Amino acid sequence: MAHKLSIFRGLLTFKSNEQKIWGVLIFLSIITAIEVAFGIIKPAFLLTPVLGMKGLNWIFIILTIVKAYYIAWDFMHLRDEKRSFTSSIVLPLLILIPYLIFILLIEADYIYNVMSDGFLSWNF
Amino acid sequence: MEATTNLVENENVWGGGNKPLNASYGKMMMWFFIVSDALTFSGFLVAYGFSRFKNIDSWPIADEVFFHFPFLHGIDAPMYYVALMTFILIFSSVTMVLAVDAGHKMQKNKVAVYMLLTIIGGAVFVGSQAWEWKNFIKGEYGALETKGGQILQFVSADSGERVALSSFAASQATDRAQHTADNGLWYMDEATLPTYTVAEVQEGFLANSDLRVKSEMIDAETGRKIVFDRAASEAKIAQAVHVVEGANLIRNEYGNRLFADFFFFITGFHGFHVLSGVIINGIIFFNVLVGTYERRGHYEMVEKVGLYWHFVDLVWVFVFTFFYLV
Numbered sequence: 001m002a003h004k005l006s007i008f009r010g011l012l013t014f015k016s017n018e019q020k021i022w023g024v025l026i027f028l029s030i031i032t033a034i035e036v037a038f039g040i041i042k043p044a045f046l047l048t049p050v051l052g053m054k055g056l057n058w059i060f061i062i063l064t065i066v067k068a069y070y071i072a073w074d075f076m077h078l079r080d081e082k083r084s085f086t087s088s089i090v091l092p093l094l095i096l097i098p099y100l101i102f103i104l105l106i107e108a109d110y111i112y113n114v115m116s117d118g119f120l121s122w123n124f
Numbered sequence: 001m002e003a004t005t006n007l008v009e010n011e012n013v014w015g016g017g018n019k020p021l022n023a024s025y026g027k028m029m030m031w032f033f034i035v036s037d038a039l040t041f042s043g044f045l046v047a048y049g050f051s052r053f054k055n056i057d058s059w060p061i062a063d064e065v066f067f068h069f070p071f072l073h074g075i076d077a078p079m080y081y082v083a084l085m086t087f088i089l090i091f092s093s094v095t096m097v098l099a100v101d102a103g104h105k106m107q108k109n110k111v112a113v114y115m116l117l118t119i120i121g122g123a124v125f126v127g128s129q130a131w132e133w134k135n136f137i138k139g140e141y142g143a144l145e146t147k148g149g150q151i152l153q154f155v156s157a158d159s160g161e162r163v164a165l166s167s168f169a170a171s172q173a174t175d176r177a178q179h180t181a182d183n184g185l186w187y188m189d190e191a192t193l194p195t196y197t198v199a200e201v202q203e204g205f206l207a208n209s210d211l212r213v214k215s216e217m218i219d220a221e222t223g224r225k226i227v228f229d230r231a232a233s234e235a236k237i238a239q240a241v242h243v244v245e246g247a248n249l250i251r252n253e254y255g256n257r258l259f260a261d262f263f264f265f266i267t268g269f270h271g272f273h274v275l276s277g278v279i280i281n282g283i284i285f286f287n288v289l290v291g292t293y294e295r296r297g298h299y300e301m302v303e304k305v306g307l308y309w310h311f312v313d314l315v316w317v318f319v320f321t322f323f324y325l326v
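In order, the protein sequence lines correspond to chains A and B.
Read in order, the letters of the first sequence correspond to residues 1 to 124 in this note's numbering.
Read in order, the letters of the second sequence correspond to residues 1 to 326 in this note's numbering.
Isolated chain A, as found in the complex (with noise of 0.2 Å):
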């Protein structure tokens, strides 16, 4: 099977996929590195809440995000795959799964203002 030896849209492109491997590997860690650093240290101006949620919990989520990606398209060699294939497997998953989120999240805010916001002690 040719293997596509170029990541992050051709700026990097390695000799085997050997070596693809182990660049795949230090990119994964030290994005993991710094959401462990992040989780640690908790820098305060990141603490402010964007769109509704915490700066930091936005940059965990994208860094999470970004390391799926790689998971798949480089150690789940999807990017090896035929573009059609890749599609009906993650198209599904990109339509259902943020859907599912929008549906639930949005109903649990609602709950917990009628929880707080009601006549009714929840807490005692």
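FYI, nobody ran anything at the bench for these hints, they're computed from the structure.
It should be emphasised that the depicted structure is a prediction, and the values quoted were computed from it without experimental measurement.
Treat the hints loosely; a few may be bogus.
Taking lysine-lysine pairs in the BS3-like style, the calculated list, with each CA pair at most 25 Å apart, reads [to be verified]:
{"no.": "1", "chain 1": "A", "residue 1": "K54", "chain 2": "B", "residue 2": "K27"}
{"no.": "2", "chain 1": "B", "residue 1": "K19", "chain 2": "A", "residue 2": "K4"}
{"no.": "3", "chain 1": "B", "residue 1": "K110", "chain 2": "A", "residue 2": "K15"}
{"no.": "4", "chain 1": "B", "residue 1": "K27", "chain 2": "B", "residue 2": "K108"}
{"no.": "5", "chain 1": "A", "residue 1": "K4", "chain 2": "B", "residue 2": "K108"}
{"no.": "6", "chain 1": "A", "residue 1": "K4", "chain 2": "B", "residue 2": "K110"}
{"no.": "7", "chain 1": "A", "residue 1": "K42", "chain 2": "B", "residue 2": "K225"}
{"no.": "8", "chain 1": "B", "residue 1": "K19", "chain 2": "A", "residue 2": "K82"}
{"no.": "9", "chain 1": "A", "residue 1": "K4", "chain 2": "B", "residue 2": "K27"}
{"no.": "10", "chain 1": "A", "residue 1": "K4", "chain 2": "B", "residue 2": "K105"}
{"no.": "11", "chain 1": "A", "residue 1": "K82", "chain 2": "B", "residue 2": "K105"}
{"no.": "12", "chain 1": "B", "residue 1": "K108", "chain 2": "A", "residue 2": "K15"}
{"no.": "13", "chain 1": "B", "residue 1": "K27", "chain 2": "A", "residue 2": "K82"}
What follows is a set of in silico ranges between Cβ atoms, one per label pair, in the way DEER data are often shown [said to hold, decoys possible]:
{"no.": "14", "chain 1": "B", "residue 1": "K110", "chain 2": "A", "residue 2": "V50", "range": "46 to 56 Å"}
{"no.": "15", "chain 1": "A", "residue 1": "I26", "chain 2": "B", "residue 2": "M29", "range": "30 to 40 Å"}
{"no.": "16", "chain 1": "B", "residue 1": "V124", "chain 2": "A", "residue 2": "F119", "range": "47 to 57 Å"}
{"no.": "17", "chain 1": "B", "residue 1": "S159", "chain 2": "A", "residue 2": "E18", "range": "49 to 59 Å"}
Every residue, glycine too, gets a C-beta built ideally from N, C-alpha and C.
Start from chain A and add chain B according to the hints.
Using the frame of chain A, we list chain B on its own:
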């Protein structure tokens, strides 16, 4: 008879000989399984998010729950241990890709070595998770629970650090015995009694004036749990009905009941995936050793099991984010 010959030639269309979208039947089915499993996990994680958003101002803070590190007793080390686990799993993912890569080149010994490393990494990860569970179930400080299901933790007024029940609870004479089947009703059982009774904790609390109650509620400005002043603490203590030590599926000393339930369920389900991955990897490793794939002429089975293994890693990346970071 022409048609029959063709049929025989394509006999394995359903057996994997055909390659729609340029992926073999087996690999494609592995991918479809992964897609459905990914949806299952996202269902769990979103349900966790649902409960969390529903209780957004009282959810436990991960750093206050997971702070253990092997051989560092009493040292507050949040994040480090899970970070280590994450690296272990990512690394075992790398050895798996290397095994797949060696398989493409038909290098049997290399495949075997890398598969073995992958299995070891997976086993270490499962072991780490068991240790994490042990700490979680055992608990460190203990807490009280009110009638409404609120958890009351104890902190020192000076340092703000958590205080364990064992360091202040009074000792009172009690004739309350653990109910067991052989000394009571044989058809009923009772959960293990906590080390202290509610009255003992209350008495100990009143005798120690530097103790305060830490509530479940999060202060929106500081992002920390609200600590009551002495008078409010004493009022809260009077409402306690349970002593909670560690965690089980009913109540836990960390806060919201659902928190422990989701922790057990999601990390447990993931751990079960890792365990089955280790077992499947073991079977494939054995097949590599006896030369099954060498005779078959390709190492695609290694690739398929590799896909599953990476998926397990992928799920952990998300569990890590949503349980420990966010």
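Exercise. Are B:K27 and A:K82 close enough, with their CA atoms no more than 25 Å apart?
Worked result: holds, 13 Å
For this session: Starting from A:K4, check that the Cα of B:K108 is at most 25 Å away, please.
Result: holds, 24 Å
Exercise. Is B:K110 within 25 Å of A:K15, Cα to Cα?
Worked result: Holds. B:K110 to A:K15 sits at ~20 Å (cutoff 25 Å).
Exercise. Regarding the pair B:K19 and A:K4, is the alpha-carbon distance no greater than 25 Å?
Worked result: holds, 20 Å
Problem set entry | Given pair status - B:K105, A:K4, alpha carbons within 25 Å | With a Cα-Cα distance of about 16 Å, the restraint between A:K4 and B:K105 holds, given a limit of 25 Å.
Problem set entry | Hint consistency between A:K82 and B:K105 [alpha-carbon to alpha-carbon, up to 25 Å] | holds, 21 Å
Exercise. Does B:K108 lie within 25 Å of B:K27 when you go C-alpha to C-alpha?
Worked result: holds, 21 Å
For this session: With a cut-off of 25 Å on the C-alpha distance, tell me whether A:K4 and B:K110 pass.
Result: Holds, because 22 Å separates the two Cα atoms, which is no more than 25 Å.
For this session: With a cut-off of 25 Å on the C-alpha distance, tell me whether A:K42 and B:K225 pass.
Result: holds, 16 Å
For this session: Could you say whether the range 46 to 56 Å given as a hint is met by the Cβ separation of B:K110 and A:V50?
Result: holds, 47 Å
For this session: Evaluate the given range 47 to 57 Å for the C-beta pair formed by B:V124 and A:F119.
Result: holds, 53 Å
Exercise. Is B:K108 within 25 Å of A:K15, Cα to Cα?
Worked result: holds, 23 Å
Checked against the numbered hints above, the structure breaks only hint 1 and satisfies the rest.
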